[in-house]
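> The lines below spell out each chain.
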Amino acid sequence: VTADDASLVRRCLRGDAEAIRLLVGRFQSEVFGLCVRLLHHRQDAEDVTQEVFLRIFRALRGWDPSRPLRPWVMGIAVNRCRTWLGQRSRRPEPVDYLHETLAGPAADDSAELLQEIQAALAELRLEYRTVFVLYHEQGQPYEDIAAALGRPVGTIKTWLHRARLEILDRLRRRGMVAPYDTPHPEAPAAPPAESGRPRS
Amino acid sequence: MNCRSFNVYLQKRLDGGPRELPAGAAEHLRDCTACAGLHGAAERLVEGLRLLAPPGPPSDLGDRIVSLVSRKRRPRLSLRARRRRRTVIPLAVAACLLLAIGIRLQWPSRPVEPRPQVQAPGDLARNDQPPSAASGLRESVVEAREAVVALTSRTADEAVGRTRGWLPRVSGPVAPKAEDLLGAPARTLRGTAAGVTSGLAPVTDSARRAVGLFLRDLPPMGFDDEHRGL
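Sequence lines, in order, name chains A and B.
In terms of this note's numbering, the first sequence has 150 at position 150, counting the first letter as 1, and numbering is strictly consecutive.
In terms of this note's numbering, the second sequence has 92 at position 92, counting the first letter as 1, and numbering is strictly consecutive.
What the hints contain is simulated information worked out from the structure, not anything from laboratory work.
Incorrect hints may appear among the rest.
[What the hints assert, rightly or not] Residues of chain A placed beyond 10 Å of chain B at every Cβ, according to the derived structure:
#1 D5
#2 A45
#3 E46
#4 W63
#5 W72
#6 W84
#7 G150
#8 G154
[Unchecked claim] Okay, the calculated bits of chain B under chain A, using three or more residues with CB under 8 Å as the criterion:
#9 39–48
#10 96–103
#11 153–160
[What the hints assert, rightly or not] Incomplete in silico selection of chain B near chain A, CB under 10 Å:
#12 N7
#13 L10
#14 D15
#15 A36
#16 P58
We put the CB at the ideal spot given by N, CA and C, even for glycine.
The whole structure should be built from the sequences, with the hints applied where relevant.
Below is the structure:
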């Protein structure tokens with residue numbers, strides 16, 4: 001737990017508007033990104049993100065300062081997404097979300113590759129998808145994911161392993177494979193951030 | 001290398017491990033098409049993850065959240081104000097209760113109003129002003145009821161007292177025979193009926209007057225005077 005988190009929370013509890021803005025700014029990208037990945041709907045993700053922050057500020061007094069703040073926040077986001085998905089399953093299915101942006105120059109089949117990864121992600125179980133997004137897209141370490149989901153680290157590793165295998169299987173079936181003896185020119189030499197290694 | 005050890009390498013690779021194949025992996029991939037397919041897919045996945053940018057929030061989402069949170073948050077009182085509120089409110093409630101009890105105890109009790117006398121029928125006939133207030137109606141009904149009860153009981157006592165003398169007195173241990181009584185009637189049946197009627201006349205008159213008084217106090221309901229007077 002950083003002293004920064006604790007002092008920020010204390011200021012928020014005192015009603016400091018600047019601290020509230022700081023806390024929202026610190027986590028809104030991750031919360032929104034997770035919501036988009038889990039809900040597959042951008043408008044729903046915006047609504048849920050707002051709900052998540054409302055709940056965060058309502059429950060901020062109950063945050064344990066001896067624990068890190070980020071997993072606590074992401075845990076609330078995951079729970080809200082799960083609840084939202086449960087409610088949405090009783091409503092008509094929204095328009096499928098395939099919005100994606102390319103972070104770098106696109107190769108010839110990059111758009112197709114991204115679509116395949118998106119579709120494979122959408123087919124995963126919610127737990128697998130959550131772990132995959134938190135680890136590979138948001139770069140969170142196993143321990144933080146375990147804290148956010150309230151599961152042991154071993155369970156998180158198992159879920160991630162299975163999620164990867166399912167995605168790889170789909171990519172293989174769809175022909176999205178690189179020959180083993182021909183290293184892909186776009187693939188990096190394993191830089192941590194690019195290959196999805198957690199940032200912290 | 002076998003499939004199991006290659007799978008371990010694959011997971012390390014997806015964890016951000018080195019891209020170089022370990023010793024013996026190339027030979028295994030040539031022989032195992034399943035692992036070769038997984039390896040090719042893993043390389044594409046790594047590439048796709050690099051290209052996959054996390055979806056960014058709308059530019060105004062942060063402002064919307066802050067305004068929403070600020071709107072929903074209730075202004076919190078300071079610690080001192082909260083303590084003061086915790087103390088002052090119970091004290092104020094207790095003071096109000098004591099004040100109310102004191103006022104109730106010290107307040108002079110309302111003097112008992114003398115019950116109005118039942119007016120004679122002649123007075124009632126002269127008094128044509130009906131009670132205007134609705135609250136007076138209830139009092140009038142109660143008074144009329146009490147008047148009916150009092151008059152009925154008094155007149156009944158008087159009537160019973162008069163007729164009591166008509167009954168033959170029984171003296172002696174042996175009751176008189178029925179033939180003796182029937183053979184020498186004290187009065188004729190017609191005379192007895194007239195006596196009973198005259199004896200009960202005060203009762204019926206009183207009841208009639210009471211009902212008239214009761215109906216007189218009722219607010220007008222569209223009946224004419226004949227109906228009101230029965």
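> Beyond 10 Å from every Cβ of chain B: is that where the Cβ of D5 of chain A lies?
18 Å, holds
> Quick one: work out the minimum CB distance from G154 of chain A to chain B and report holds if it exceeds 10 Å, violated otherwise.
14 Å, holds
> Do at least three Cβ atoms from the segment 153–160 of chain B come closer than 8 Å to Cβ atoms of chain A?
Coverage by chain A is violated here, the residue count being 0 at a Cβ distance below 8 Å.
> Find the nearest Cβ of chain B to the Cβ of W63 of chain A and say whether that gap is larger than 10 Å.
Its Cβ never comes within 10 Å of chain B, the nearest being 15 Å, so this holds.
> For the segment 96–103 of chain B, do at least 3 residues have a Cβ located nearer than 8 Å to some Cβ of chain A?
With 0 residues closer than 8 Å to chain A, the segment 96–103 of chain B misses the three-residue bar; violated.
> A cut-off of 10 Å on Cβ-Cβ distance, and A45 of chain A was said to be off the interface with chain B. Does that hold?
8 Å, violated
> Under 10 Å, Cβ to Cβ, is where N7 of chain B needs to be relative to chain A, so tell me if that hint holds or is violated.
9 Å, holds
> Per the stated criterion, does the least C-beta distance between E46 of chain A and chain B lie above 10 Å, as a non-interface residue requires?
Label violated. Min Cβ-Cβ 6 Å, cutoff 10 Å.
> Three residues minimum, CB to CB under 8 Å: does the segment 39–48 of chain B make the cut for coverage by chain A? Let me know.
holds (count 10)
> Report holds or violated for the interface hint on D15 of chain B, using the least CB-CB distance to chain A and a cut-off of 10 Å.
6 Å, holds
> Are L10 of chain B and chain A close enough, Cβ to Cβ, to be under 10 Å, as the hint says?
8 Å, holds
> Are all beta-carbon distances from W84 of chain A to chain B longer than 10 Å?
Correct as stated: the minimum Cβ-Cβ distance to chain B is 16 Å, above 10 Å.
In this structure, the hints that do not hold are numbers 2, 3, 10, 11, in rising order.
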